[in-house]
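S.K.: These protein sequence lines are chains X and B, in that order.
Residue numbers for the first sequence, in my numbering: 41 to 344.
Residue numbers for the second sequence, in my numbering: 41 to 344.
No wet-lab data here; the hints were simulated from the structure.
All of these numbers come straight from a predicted model, not from anything done at the bench.
Wrong hints could be hidden among the right ones.
You can't tell identical chains apart in this list, so a pair holds if it fits in one copy or across any two.
[What the hints assert, rightly or not] With a Cα cut of at most 30 Å, we get these calculated DSS-like pairs of lysine-lysine: (1) K231 - K125; (2) K118 - K179; (3) K230 - K327; (4) K63 - K298; (5) K62 - K230; (6) K178 - K125; (7) K231 - K244.
There are 2 protein chains.
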Amino acid sequence: MSLLVVGSVALDTVETPFGSVKKALGGSAVYISAAASYFTVPIRLVGVVGGDFPKEHIQFMESRQIDLDGLQIIEKGKTFQWGGKYHYDLNVRDTLFTDLNVFKKFDPKIPERFKSSAYVCLGNIDPVLQLQVLNQIKKPRLVVGDTMNYWIDTRLKELTDTMKCMDVIIVNDSEARLLTQEPNLIKAAKKIIKMGPKIIIIKKGEHGAMLVTEETIFSAPAYPLETIFDPTGAGDAFAGGFIGWLARTDDLSANNLKRAIIYGSTLASFCVEKFSVDSLRDLSYLKIHDRFRSFMDLSRFDEN
Amino acid sequence: MSLLVVGSVALDTVETPFGSVKKALGGSAVYISAAASYFTVPIRLVGVVGGDFPKEHIQFMESRQIDLDGLQIIEKGKTFQWGGKYHYDLNVRDTLFTDLNVFKKFDPKIPERFKSSAYVCLGNIDPVLQLQVLNQIKKPRLVVGDTMNYWIDTRLKELTDTMKCMDVIIVNDSEARLLTQEPNLIKAAKKIIKMGPKIIIIKKGEHGAMLVTEETIFSAPAYPLETIFDPTGAGDAFAGGFIGWLARTDDLSANNLKRAIIYGSTLASFCVEKFSVDSLRDLSYLKIHDRFRSFMDLSRFDEN
Numbered sequence: 041m042s043l044l045v046v047g048s049v050a051l052d053t054v055e056t057p058f059g060s061v062k063k064a065l066g067g068s069a070v071y072i073s074a075a076a077s078y079f080t081v082p083i084r085l086v087g088v089v090g091g092d093f094p095k096e097h098i099q100f101m102e103s104r105q106i107d108l109d110g111l112q113i114i115e116k117g118k119t120f121q122w123g124g125k126y127h128y129d130l131n132v133r134d135t136l137f138t139d140l141n142v143f144k145k146f147d148p149k150i151p152e153r154f155k156s157s158a159y160v161c162l163g164n165i166d167p168v169l170q171l172q173v174l175n176q177i178k179k180p181r182l183v184v185g186d187t188m189n190y191w192i193d194t195r196l197k198e199l200t201d202t203m204k205c206m207d208v209i210i211v212n213d214s215e216a217r218l219l220t221q222e223p224n225l226i227k228a229a230k231k232i233i234k235m236g237p238k239i240i241i242i243k244k245g246e247h248g249a250m251l252v253t254e255e256t257i258f259s260a261p262a263y264p265l266e267t268i269f270d271p272t273g274a275g276d277a278f279a280g281g282f283i284g285w286l287a288r289t290d291d292l293s294a295n296n297l298k299r300a301i302i303y304g305s306t307l308a309s310f311c312v313e314k315f316s317v318d319s320l321r322d323l324s325y326l327k328i329h330d331r332f333r334s335f336m337d338l339s340r341f342d343e344n
Numbered sequence: 041m042s043l044l045v046v047g048s049v050a051l052d053t054v055e056t057p058f059g060s061v062k063k064a065l066g067g068s069a070v071y072i073s074a075a076a077s078y079f080t081v082p083i084r085l086v087g088v089v090g091g092d093f094p095k096e097h098i099q100f101m102e103s104r105q106i107d108l109d110g111l112q113i114i115e116k117g118k119t120f121q122w123g124g125k126y127h128y129d130l131n132v133r134d135t136l137f138t139d140l141n142v143f144k145k146f147d148p149k150i151p152e153r154f155k156s157s158a159y160v161c162l163g164n165i166d167p168v169l170q171l172q173v174l175n176q177i178k179k180p181r182l183v184v185g186d187t188m189n190y191w192i193d194t195r196l197k198e199l200t201d202t203m204k205c206m207d208v209i210i211v212n213d214s215e216a217r218l219l220t221q222e223p224n225l226i227k228a229a230k231k232i233i234k235m236g237p238k239i240i241i242i243k244k245g246e247h248g249a250m251l252v253t254e255e256t257i258f259s260a261p262a263y264p265l266e267t268i269f270d271p272t273g274a275g276d277a278f279a280g281g282f283i284g285w286l287a288r289t290d291d292l293s294a295n296n297l298k299r300a301i302i303y304g305s306t307l308a309s310f311c312v313e314k315f316s317v318d319s320l321r322d323l324s325y326l327k328i329h330d331r332f333r334s335f336m337d338l339s340r341f342d343e344n
């Protein structure tokens, strides 16, 4: 099924204990699309870049069959740039700079032929823009939205309005707590269900992820990586794997949602093994499926 | 199989957002024994109390078929007392007081007929005492040891000596990191394997638990409780459920270790539903098995 992805397209400068990279391809729309591209075509990306955006990045995205008709190129502007540094404990990161550039005035215009997309993934952007996107879409089958603490702190009213139009929200554990003022994650998830989305995914980093619906709670482990090379984009790769699998199968049953969580975790685990989207350049369905099965080995037990 | 449990026996004064309790039955040896008592007999407890220790607590332990021949009663002394307060976010607790009393000079003497116990569980006590216990035991089949940040900080040399005699060590995630100076939990676990114990269990509170051996990594979810009434003793109930299941089945295969982790998680989840050991007073194997199956539902997924 067709999948629309809206979010940032960026050039990231990242330093980790294992190395560094300058102006590498990044941004939520890129990670989501690249991850989802292993499951479904076409993927329709809506975002904005400046005239400085390297052609090779366009070529990479096209090679992944990502439809770039919705990528605005502001020739006189500069692409969004983000710089960050991860420490030895990769759970802690410092943002070194955020130059929004052309992304500051991002006005997501959905090309006419994108408006009937069945699956919609809203990357972590201003909830006002997320809603603006949804107002242009005709009856999507599933809307997945991401957000972050910054929007919860500064745009709570707008975010809660937008959440009413999301079927699935993806947050991390601290965001779930912040959004609901509830320390217990199960209670927090159930409060979020009352705010709109019927499917809550709580990402817990090295502790895996949790799916909560009115009827189901599912706990997914994290893949036990000994070296996390660069955590940038892991959450977006998760979202891409998740919605990519759902768009591929067009099956929203509880059992298939669980599989989608594991495919999301799988893509996130690949993502952090290299800088930027490098590990999402040459995956194969076979590699992905092998790791999916490792997740099974990791969490399976029997009665006797 | 016979199971020897050595640890503290205490009177706990606990305050949580849901209520409070004064001088309630507590201590690592009590929680471990009570949890394990649902799986195996006899359980042999070694600990110390003062003349003030209420008879009803003795009666409770006897009713759970815990053999108290190793419980020293110092008539003129007072029982170890601990006081703590949990806040709304139950991950944070303040210790209000620690009156060691008779526990300060605890000198674990293993009664002759306890010395051939097949399974040994060392609660979180001074590693010097843990080793003193092991030196009195004849060829145990499995030694499980618990420890805490306090011993890692103040008795590292003694702890590493004692760890050489443990088959299984149970630590929480921060203790694993502290012990190895390694933020990545998988790497930390593999470093601990080099220190002696061949089976590492890392408890992660609301995020479940992880089993790491040379060949296996297993990730167990936490039971999704909306109300955690009192977290005191959860780690000890986990240890008790874990070793209790192993002593019952006498099967140290990887598959059975995984089941033991889930039984440990099951007992811990019951433990926190009431104050003190109250929820470990009237469990049944049926209730335990039902919750074991809920853990299965919580983490199981299939390929298609």
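S.K.: How do K62 and K230 come out at 30 Å by Cα distance, when the copy is not named: within, between, both, or neither?
M.R.: neither (41 Å within a copy, 33 Å between copies)
S.K.: Between the shortest in-copy and the shortest cross-copy C-alpha distance, which are at most 30 Å for K230 and K327: within, between, both, or neither?
M.R.: For K230 and K327, only the inter-copy Cα distance (25 Å) is at most 30 Å; the intra-copy one is 35 Å.
S.K.: If the cut is 30 Å between Cα atoms, do K231 and K244 qualify within a copy, between copies, both or neither?
M.R.: both (18 Å within a copy, 24 Å between copies)
S.K.: How would you label the pair K231, K125 (within, between, both, or neither) given a Cα cut-off of 30 Å?
M.R.: For K231 and K125, the Cα distance is within 30 Å only across copies (27 Å; inside one copy 34 Å).
S.K.: Cα distance capped at 30 Å. Does K178 pair with K125 within a copy, between copies, both, or neither?
M.R.: Neither: 40 Å inside a copy, 53 Å across copies.
S.K.: Cα distance capped at 30 Å. Does K63 pair with K298 within a copy, between copies, both, or neither?
M.R.: Cα proximity of K63 and K298: none, with 35 Å in one copy and 45 Å across.
S.K.: Reference check for the pair K118 and K179, CA-CA at most 30 Å: within, between, both, or neither?
M.R.: Close neither inside one copy (34 Å) nor across copies (71 Å); limit 30 Å.
Checked against the numbered hints above, the structure violates hints 2, 4, 5 and 6; every other hint is satisfied.
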